[in-house]
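K.L.:
Each chain is listed here by its residues.
2 protein chains.
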Amino acid sequence: MKKGKLFVFSGPSGTGKGTICRELLKNPDTWLSVSYTTRAPREGEEHGVHYFFVTREEYDRTVEENGFLEHAEIYGNCYGTPKKYALEHMAAGEDVILEIEMQGALQVKAAYPDAVLIFVLPPSLTELRNRIRLRGTETEEQIDLRMKTTLQEIELLEKYDYFLINDDLGEAIETARCIIRSEHCKTAGYAKSLIDRYKEEE
Amino acid sequence: MKKGKLFVFSGPSGTGKGTICRELLKNPDTWLSVSYTTRAPREGEEHGVHYFFVTREEYDRTVEENGFLEHAEIYGNCYGTPKKYALEHMAAGEDVILEIEMQGALQVKAAYPDAVLIFVLPPSLTELRNRIRLRGTETEEQIDLRMKTTLQEIELLEKYDYFLINDDLGEAIETARCIIRSEHCKTAGYAKSLIDRYKEEE
Numbered sequence: 001m002k003k004g005k006l007f008v009f010s011g012p013s014g015t016g017k018g019t020i021c022r023e024l025l026k027n028p029d030t031w032l033s034v035s036y037t038t039r040a041p042r043e044g045e046e047h048g049v050h051y052f053f054v055t056r057e058e059y060d061r062t063v064e065e066n067g068f069l070e071h072a073e074i075y076g077n078c079y080g081t082p083k084k085y086a087l088e089h090m091a092a093g094e095d096v097i098l099e100i101e102m103q104g105a106l107q108v109k110a111a112y113p114d115a116v117l118i119f120v121l122p123p124s125l126t127e128l129r130n131r132i133r134l135r136g137t138e139t140e141e142q143i144d145l146r147m148k149t150t151l152q153e154i155e156l157l158e159k160y161d162y163f164l165i166n167d168d169l170g171e172a173i174e175t176a177r178c179i180i181r182s183e184h185c186k187t188a189g190y191a192k193s194l195i196d197r198y199k200e201e202e
Numbered sequence: 203m204k205k206g207k208l209f210v211f212s213g214p215s216g217t218g219k220g221t222i223c224r225e226l227l228k229n230p231d232t233w234l235s236v237s238y239t240t241r242a243p244r245e246g247e248e249h250g251v252h253y254f255f256v257t258r259e260e261y262d263r264t265v266e267e268n269g270f271l272e273h274a275e276i277y278g279n280c281y282g283t284p285k286k287y288a289l290e291h292m293a294a295g296e297d298v299i300l301e302i303e304m305q306g307a308l309q310v311k312a313a314y315p316d317a318v319l320i321f322v323l324p325p326s327l328t329e330l331r332n333r334i335r336l337r338g339t340e341t342e343e344q345i346d347l348r349m350k351t352t353l354q355e356i357e358l359l360e361k362y363d364y365f366l367i368n369d370d371l372g373e374a375i376e377t378a379r380c381i382i383r384s385e386h387c388k389t390a391g392y393a394k395s396l397i398d399r400y401k402e403e404e
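Protein chains in written order, with this note's numbering: chain Y, 1 to 202; chain S, 203 to 404.
Worth flagging that the hints you see were computed from the coordinates, not collected in a lab. Bear in mind that the values here come from a model prediction, so they are computed numbers and not experimental data. Any given hint might turn out to be false.
[Claimed, not checked] Mimicking DSS-like on lysine-lysine, the simulated pairs with C-alpha atoms at most 27 Å apart in a straight line are:
1) Lys401/S x Lys159/Y
2) Lys186/Y x Lys361/S
3) Lys205/S x Lys192/Y
4) Lys186/Y x Lys401/S
[Claimed, not checked] From the structure, some residues in chain S lie toward chain Y, with a derived Cβ separation under 7 Å:
5) Tyr287
6) Tyr314
7) Cys380
8) Gly391
9) Ile397
Virtual Cβ for every residue (Gly too), placed ideally from N, Cα, C.
With the hints as constraints, model all of the structure from the sequences given.
P.N.:
In structure tokens, the structure reads:
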């Protein structure tokens, strides 16, 4: 049976990576990981859908048990990707999607070199700035800081396997689907079992 | 401007790789290379479409001028992929498709490590045997020999970047398109120019 793969999406806020990941779930062989967090739920956030809202004790215990694919403390709040569910879904042949920030993505790649890292980019920083302004949730100062962080992240782009410029959402989703599809056709790590399959026939 | 890439398709006769390559040409940014050959045209073969039918002198001169991406003598006939046109089309931003046998494909990869090698596989050897039988152009002995060669080629699968099992033609074409699309989103060799593009903005 086909084994599932791990696909990690990162990218600045406002690039539409969340929308892209949710669209990918329309393929029934795809599963989206839900992170643990110790921060309080925001309005509209549901336990088990957007996050698993856990206590600091639960989080620390999971760290001790080596139960996270990646985890990090950001501005005093803890976040982590539970390992168990992701591995189970992959073993069942499903592709697992993680939508996590760069620090976590690089942790995953270090532990699982087969993970495929995809960085979602805005068409331009000007366009990203406009999109965030339109939301109206951040001050100009906060937006400036965000642009600076974004540029710092883009400088680490080569640590990712793929980039995905979200200029047109439909096209970006299609490209993401293509990356997943083509990754399943790579010979690397798979050639031997394929060869055996044909050899057994004769 | 986006630079074109080189995609090399190989695979046993009867896997439908020719059909797949022709379908890819429906994308106007894609160009199919036409090989030189010293063999005589077969019925229905057109000069400049299926092959450029050249003299041995023309072929030898091109070899001397280092004018082939790859070339080989097979059963006394010479074949070669002219370098000039392929490089011109890539420089113009077009993807270049080569449909050549394994020996040539590995020559291309050695000279151009950026070339993407795709091996088209039958769903099974039994199915391949049936397809060739249906054509009615080969004896059982010839088919046996072909199966042996196919199996030898499949053993070298790991030298290719991708495999493409042609079980359903429409799906195989779609997968081939996805491979080309995703290859254009790889950060390898491209991260620096992308980083510069965003940096220049700020």
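K.L.:
Give a verdict on every hint.
P.N.:
Cross-check of the supplied hints:
For the proposed pair Lys401/S and Lys159/Y, the alpha carbon gap of about 18 Å is at most 27 Å, so the pair holds. Annotation: proposed proximity of Lys186/Y to Lys361/S holds, straight-line Cα distance about 11 Å (limit 27 Å). Of the pairs offered as hints, the one joining Lys205/S and Lys192/Y is violated, with about 33 Å between alpha carbons and a cut-off of 27 Å exceeded. The suggested pairing of Lys186/Y with Lys401/S is violated, with an alpha-carbon distance near 33 Å, which exceeds 27 Å.
The closest approach between the C-beta of Tyr287/S and any C-beta of chain Y is roughly 27 Å, which is over the 7 Å cut-off, so the hint fails. The beta carbon of Tyr314/S is not positioned within 7 Å of any beta carbon in chain Y (closest approach about 18 Å), and the interface hint is therefore violated. With a cut of 7 Å, the hint placing Cys380/S at the interface with chain Y holds, because the nearest CB-to-CB distance is about 4 Å. For Gly391/S, the interface hint is violated, the least distance from its beta-carbon to any beta-carbon of chain Y being 9 Å, above 7 Å.
Interface hint at Ile397/S: satisfied, since its Cβ lies 6 Å from the closest Cβ of chain Y, which is below the 7 Å cut-off.
In summary, the structure is inconsistent with hints 3, 4, 5, 6 and 8 from the numbered list given earlier, while agreeing with the others.
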